[in-house]
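J.: Given next are the chains, with one letter for each unit.
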Amino acid sequence: MRKVSSWGRLNAHPHHVMHLNSPVQAEQIIHDTPTTGIPYGMGRSYGDVCLNPQGTLWMTTGLDHFIAFDHNSGRLVCEAGVLLKDIQRLVIPKGWILPVTPGTQLITVGGAIANDVHGKNHHIHGSFGDHIKQLSIIRTNGEVIECGPEDNPDWFAATVGGLGLTGVITKAEIQLSPVSSPWIDSETIPYTNLDEFFELSDSSEADWDHSVSWVDCISGGGRGLFIRGKHTPKSDKLEPKTSQLTMPITPPFSLVNKLSLRAFNMAYYHLKKCRSTRELIHYEPFFYPLDNLHEWNRMYGPKGFFQYQCVVPRQYGQDAIQSMLKEISASGNGSFLAVLKTFGDRQPLGMLSFPQPGVTLALDFPNKGKDTENLFSRLDAIVTEANGRLYPAKDARMPRELFEAGYPRLSEFIKYRDLGISSSLSRRLIGS
Amino acid sequence: MQDRKRIAIIGATSAIAEHCARLWLLKEPSDLILVGRNSKRMERVATDLYIRSQESNIQIIEQPDFSAPDAISFTVEELFKKKPIDIVLIAHGSLPEQHVCQDDLHTCRAALDINGVSPVLFAEAFAKNMEKANHGTIALISSVAGDRGRQSNYVYGAAKGLVSRYTQGLQHRLASSNVNILLIKPGPTDTPMTSHLKADGASLASSELVAENIVNAVASRKKCVYTPSKWFYIMLIIRHIPSFIFNKIRI
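Chains A and B are the protein sequences, given in the same order.
Everything in the first sequence is counted per the numbering used here, starting at 1 for the first residue and increasing by one.
Everything in the second sequence is counted per the numbering used here, starting at 433 for the first residue and increasing by one.
Next comes chain A alone, as it looks inside the complex:
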């Protein structure tokens, strides 16, 4: 038994840990596992979607082999434990790029599919699952199921965004996008309220590949910095040297607190506001600004932290976001990492996929027990009112009713569950 945490470091319960080292051996192990299990990749989901205390974790990072790559068509086949970082580094010099990538590349392909992750370009490319052409899952009864948008589409829709619960994803075929260079033409524009944010978002959809914004969760007014970027042709600029830093210790208390946050947010906003900047930036710092600070999750101290990410439909979006920012500002909680972005007008692919048309707000909160829980209840009420939903990949605490209300295709999904697979999250939100 080994103590394992997820990215939020809220707890570290003992798990039986089994390593999947090849697809063949994986079939055997998954079939022979005496308890329930859940696949665990890089452990970058924040809450309990990847945890199964007292049960088994199937570690997937040993499934890290490329299987095929066609330079002409941009089709890549790989095992599910391959990291997005390895894909980007392999394919970008050859003129291809992952069409969708979240804010860290230190995650596995399997995790990206199971949580149907999104990036800054949802309005153009949708979510990660939209680019999967085929995948394989291993079920605990030993069955192997291949599925894709055309092949077993029902299994595919259940597995993409399926939180790992339909079977262990071992292999995937990804359609990459062409890209002419690793450089991104990026612009940062300050906004002072949500009207301006929505205007910027809408006017950027046509001409910009990527858009995201940092929102000051302390000011309450909805000011922030809007960042947009587009891929550019070759540049003579030298690729940046990456330097790795590691958060060396877990401080005894959260470094993110009322004092530090107010100062930090004020300084950050005003420093950036002085100059609306446009610059050529390498894809790694543009997409993955935190990846070079290893274990940054330790800065929240020994009690860990939550991330709260919701999406609300556009018609109620502005009011809902405004009310949430007010609640957060009044509570004095929240953190520097606060992201506001619009999703494009695309229907989600997976039965439990998170992205849907609307606007999404994501914030980290240091774990302060009851205080934090009370704030979440108030935010939940706003999300429910606005017909929104929360992102399971980030969640460690949402009430079951909120999950059921947010994911109307849940009853359809249940049919594809593998009951030998279970996580803390599935027991909390689905009952098994």
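Simulated from the structure, these hints should not be mistaken for lab results.
One thing to keep in mind: the hints can contain errors.
What the hints assert, rightly or not - Here are some, though not all, of the chain B residues that point toward chain A, as calculated from beta-carbon distances under 8 Å:
id: 1; residue: R473
id: 2; residue: E475
id: 3; residue: R476
id: 4; residue: T479
id: 5; residue: I483
id: 6; residue: R484
id: 7; residue: P624
id: 8; residue: S627
Said to hold, decoys possible - Computed from the model, here is a short list of chain A residues facing chain B with C-beta under 8 Å:
id: 9; residue: L90
id: 10; residue: P93
id: 11; residue: F286
Since we're looking at a predicted model, the values are computed, not measured.
Ideal Cβ positions, reconstructed from N, Cα and C, are used throughout, including at glycine.
Using the hints provided, position chain B relative to the given structure of chain A.
T.: Positioned in the frame of chain A, the structure of chain B alone reads:
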């Protein structure tokens, strides 16, 4: 390509070896020869390496018996017939459970063979040819477990100690030649071989990090490398604890 590196890896499906191969190919396209016991498993590795470095040449040699002197000698001779090998990494091994080695002499013998005798036979075959060519590097993976016998894994430790002592002699023999012999002593590393340790919560070095240290040590023609480097200091202490104290601690 005249000066392409020719690299052979014995025990090519081991996690450390595979990461070394990835790093070597990332540096420059090379001719890579993978030697292993199971061609199916090697194909998975070779395909992956080929996708990572499509300009490289990757060859698979299946050698079902890793302790057969004639087969080993034949494989190595054939390799050198084509062109001398620049680097060979001898990486195979398996970590037996100590108590099983104590209870069952067959297991004990198999552990000594695969971790001790077999790497020596391979190294000897390569040394002969590299000495003739007066060129090349032989890198052998031993273990910190070979530095001092301990109750928890002394059969494995003895086999690795054999490799370490053998390497010392080989270095002495080839000291005046152009052939470099590198002795690698990894601490406990996160590989499939150690997954039962990991399951118990031991903290292990990543095989990527160990591989990086090995590739750097080969490039700088080092004689001996502990990886991660902290193990040099840890073993320095462990080797020097007087036995009347050592025998009282259970490690």
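J.: Using 8 Å as the Cβ threshold, decide whether I483(B) counts as touching chain A.
T.: holds, 4 Å
J.: Measuring from the C-beta of T479(B) to each C-beta in chain A, is the shortest one below 8 Å?
T.: holds, 6 Å
J.: Quick one, is the P93(A) hint okay against chain B at 8 Å, beta carbons?
T.: violated, 11 Å
J.: So, as I understand it, the hint says R484(B) touches chain A; can you test that by seeing if any CB pair is closer than 8 Å?
T.: R484(B) check passes; min Cβ-Cβ to chain A is 6 Å, inside 8 Å.
J.: Let's test the interface hint: is any C-beta of chain A closer than 8 Å to that of E475(B)?
T.: violated, 10 Å
J.: Return the status of the interface hint for P624(B): holds when the least beta-carbon distance to chain A is below 8 Å, violated otherwise.
T.: holds, 4 Å
J.: Using 8 Å as the Cβ threshold, decide whether R473(B) counts as touching chain A.
T.: Since chain A brings a Cβ to about 7 Å from R473(B), closer than 8 Å, the hint holds.
J.: Identify whether the interface hint at L90(A) stands, where standing means a beta carbon of chain B within less than 8 Å of its own.
T.: OK, holds: L90(A) within 8 Å of chain B, min 6 Å.
J.: Holds or violated: the hint that F286(A) contacts chain B, with Cβ atoms closer than 8 Å.
T.: violated, 23 Å
J.: Report holds or violated for the interface hint on S627(B), using the least CB-CB distance to chain A and a cut-off of 8 Å.
T.: This hint holds: S627(B) lies near chain A, its Cβ roughly 4 Å from the closest one there, short of 8 Å.
J.: Should the interface hint for R476(B) be scored as holding, given a Cβ-Cβ cut-off of 8 Å against chain A?
T.: holds, 6 Å
The earlier numbered hints that this structure contradicts are 2, 10, 11.
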